[in-house]
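Participant: Chain by chain, the residues:
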Amino acid sequence: MAATVDTVERVESITADKYKYGFVTDIEMESAPIGLSEDIVRFISAKKEEPQWMLDWRLTAYRHWLTMEEPNWAKIGYEPIDYQQTYFFAAPKQKVAPKSLDEVDPELLRTYEKLGIPLKEQEMLAGVVGVAVDAVFDSVSVATTFRAKLEEAGVIFMPISEAIQKHPDLVKKYMGSVVPTTDNYFAALNCAVFTDGSFVYVPKGVHCPMELSTYFRINAQNTGQFERTLIIADDDAYVSYLEGCTAPMRDENQLHAAVVELVLHENAEIKYSTVQNWYPGDEEGKGGIYNFVTKRAKCAGANSKVSWTQVETGSAVTWKYPSCILQGDNSQGEFYSIAITNNMQQADTGTKMIHIGKNTRSRIISKGISAGKAQNTYRGLVKALPRASNARNFTQCDSLLIGDKCGAHTVPYIEISNSTARIEHEATTSKVSEDQLFYCRQRGIPEEEALALIVNGFCKEVLQELPMEFAVEAQKLVAISLEGSVG
Amino acid sequence: MLKISNLHAAIESVNKPILKGVDLEIGTGEIHAIMGPNGSGKSTLSYVLSGRDGYEVTGGSVDFAGQDLMDMEPEERAAAGLFLAFQYPVEIPGVQTMTFLRTALNEIKKARGEKEIDAVGFLKFVREKCKSLNISDDMMRRAVNVGFSGGEKKRNETLQMAVLEPKLAILDETDSGLDIDALRVVADGVNALRSENRSMLVITHYQRLLDYIVPDKVHVMANGRIVKSGGKELALELEEHGYAQYEAA
Ligand SMILES: Nc1ncnc2c1ncn2[C@@H]1O[C@H](COP(=O)(O)OP(=O)(O)OP(=O)(O)O)[C@@H](O)[C@H]1O
Ligand SMILES: [Mg+2]
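In order, the protein sequences belong to chains E and S.
644 is the number of the first residue of the first sequence in the numbering used here; add one for each residue after it.
304 is the number of the first residue of the second sequence in the numbering used here; add one for each residue after it.
Incorrect hints may appear among the rest.
As the list claims (entries may be wrong) - Some chain E residues judged to face chain S by a derived CB distance under 8 Å, without partners named:
| hint | residue |
| --- | --- |
| 1 | 677 |
| 2 | 678 |
| 3 | 690 |
| 4 | 723 |
| 5 | 724 |
| 6 | 726 |
| 7 | 728 |
| 8 | 729 |
| 9 | 881 |
| 10 | 1077 |
| 11 | 1086 |
| 12 | 1087 |
| 13 | 1091 |
| 14 | 1092 |
| 15 | 1097 |
| 16 | 1103 |
To be verified - Heads up, simulated BS3-like pairs for lysine-lysine below, C-alpha to C-alpha not over 25 Å straight-line:
| hint | chain 1 | residue 1 | chain 2 | residue 2 |
| --- | --- | --- | --- | --- |
| 17 | S | 535 | S | 520 |
| 18 | S | 413 | E | 1119 |
| 19 | S | 418 | E | 1119 |
To be clear, the hints were calculated from the coordinates, so they are not data collected in a lab.
Every value quoted in this text rests on a predicted model; they were computed, and no experiment measured them.
Cβ atoms here follow ideal geometry from the backbone N, Cα and C, with glycine treated the same way.
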């Protein structure tokens, strides 16, 4: 109870305004020269003091990327990205890498405090199951908490740049095994210039003792963030992982192109939750983050289970399809999504469920909410390969419109090559009705609160999939991202 | 408590006058009933009093406990103590009745500058209300009105009224569609809320309800006006002779 109340108050205090995360941290930074070239790729690799194999991997990806074209099939429109006017590396200046939190620049600690992310372990409430945090600021991880406690359990949780040094075998084995360097335009770009992100390894039979989370913050101007996250759950392992994202309000668009890979062995389970609240741009559509993300899970082992839950409220443009490769027999994939677009925001998001093994199951619950002049598209693929006998999928796509200048679109693709596979698809589109708003207001609930209540009700099936701490934050976010859309 | 003077109102979208000079005064602690033929403007009156969008007040005034009601937002009217039990209660999918009611009560408290009630305190408070109204608290865990039977919806309205403790409750056909037992539950609920500082305006088609909820006054509404007022015996007379004589007028 105490934790809930605390979270509610904390969230209230940090989200009282429209986009409260829009501040800029004034800190001395160092950057790579502007633009993109092989030299920049080498620069990043050298900054991270990477081994040769890693650099080679990056360069291969970069050369491949040069041959590719930016995709244009999504229902999104945006100004072309000028890769030569973007910084690909920016990091707070520090002489030596901090060994403990005491050595971290206090200005950075204050930034995370302001964002409501506790980095000091002792500030976590006693008796409450803690959340371990990896804090990524522009291109580097600045702190990772609770590492000692996790190590005791055998769980590795560290910045990926550090894992490349300390666990090269694991990184070599798994990085690119789910999303290859040649996968798609933005993934290839990420492979070439990725800067930081989290690495998690949960060994055989270990139930990770706490929630893991990464908090991504873009701070520097004209800088792209290229996060790379790799999570491996070995046989019978379990982990729940959360990520949150914010950025300052800026007039220019900024690029975020992430790759997240999840690997699940036999009987393993991963719950991956995202609350994405990058700066969405202003009411006229000026500024905001371009969020082009490739997230994919491979259920390699039998009976493994992965679940993606996402609450997407931010970004000017979102292009994101967290997917599940259901390779192991009896493996399960779930995708729960809330995508809210307001004003001029555009989101084209959904999932891919690739059924390969026998008796594989997938479930898709998507809730798209559109307000202002926003466009919101669900795009999803359900595919059953010849070997996937008895594969099952259930898909439910609900769209909610607020006002009459926005749009909602549902684009389901279904490819079935096994006659015993069963696919169910349901889709609805509704409007927040005057009747509902008036009913709430007659009971004393002001219009904006009423709308938030109605929309949260609409999203309930997804919200209840989030870990409690995040659920409260997500509900507040739903309310805030719709501010100004009625009346 | 409530003083309606020469109230005129029209439906905005079609510019159609519905209320054509309503006069009505309800004293503190009184129960008044309005009867009248279909389409005479009874629900419209309740919507105009509670501030629903889509109606234009074209004349007259309404004083509610010393405040100019027509100047206030719907939620401000609720905070001032006005409650409307809807003729057709609205469904809100995914929102637990418990959450809905607690949000409502706390918003009202907030508007009045009172201390809000926490989840645990509210649960206890609601359980007591349910018990006193003989309503099962299962309903509180379900989404607002979703999948409720007609009778359950009306009971839920009664429960909401009990929780929000208004100064003036308008009940729009809270009895329609109820079986005899449900009618009793609703009527008992209303009677339990009867108090010397709470007024009620009961809109109904059936004199039967007025056997359970005995009104201080009965009014006949026809063609957008109150055309006759009397004691509770007026309801019996209407039951016998119908509205023909008033509609002609
Ligand atoms: N949106 C609308 N457009 C046009 N006419 C309307 C609209 N809403 C209501 N009306 C009309 O206004 C009149 C009054 O309706 P109202 O619902 O107030 O009647 P009532 O007395 O409550 O009737 P009942 O006993 O059937 O509930 C009716 O003639 C109705 O058709
Ligand atoms: Mg009516």
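Participant: Given residue 728 of chain E as an interface hint, is the shortest Cβ-Cβ distance to chain S below 8 Å?
Facilitator: violated, 44 Å
Participant: Using 8 Å as the Cβ threshold, decide whether residue 724 of chain E counts as touching chain S.
Facilitator: Since the shortest Cβ distance to chain S is 38 Å, the answer is violated.
Participant: Take the shortest C-beta to C-beta distance between residue 1103 of chain E and chain S; is it under 8 Å?
Facilitator: Since the shortest Cβ distance to chain S is 4 Å, the answer is holds.
Participant: Does residue 413 of chain S pair with residue 1119 of chain E here, judged by a C-alpha cut-off of 25 Å?
Facilitator: holds, 18 Å
Participant: Report holds or violated for the interface hint on residue 723 of chain E, using the least CB-CB distance to chain S and a cut-off of 8 Å.
Facilitator: With a minimum Cβ separation of about 40 Å from chain S (threshold 8 Å), the hint on residue 723 of chain E is violated.
Participant: Measuring from the C-beta of residue 881 of chain E to each C-beta in chain S, is the shortest one below 8 Å?
Facilitator: violated, 29 Å
Participant: Checking hints one by one. Is residue 1097 of chain E an interface residue toward chain S, by the C-beta closer than 8 Å rule?
Facilitator: holds, 6 Å
Participant: Is the interface hint for residue 726 of chain E satisfied, with its Cβ closer than 8 Å to some Cβ of chain S?
Facilitator: Residue 726 of chain E check fails; min Cβ-Cβ to chain S is 43 Å, beyond 8 Å.
Participant: Under 8 Å, Cβ to Cβ, is where residue 1091 of chain E needs to be relative to chain S, so tell me if that hint holds or is violated.
Facilitator: For residue 1091 of chain E, the interface hint is violated, since the closest Cβ of chain S sits about 11 Å away, which is over 8 Å.
Participant: Hey, does the residue 678 of chain E contact hint survive, CB to chain S under 8 Å?
Facilitator: Status violated, d = 48 Å.
Participant: Would you mind confirming whether the straight-line C-alpha gap from residue 535 of chain S to residue 520 of chain S stays at or under 25 Å?
Facilitator: holds, 6 Å
Participant: Identify whether the interface hint at residue 1086 of chain E stands, where standing means a beta carbon of chain S within less than 8 Å of its own.
Facilitator: OK, holds: residue 1086 of chain E within 8 Å of chain S, min 4 Å.
Violation of the numbered hints given earlier is confined to hints 1, 2, 3, 4, 5, 6, 7, 8, 9 and 13; the remaining hints are satisfied by the structure.
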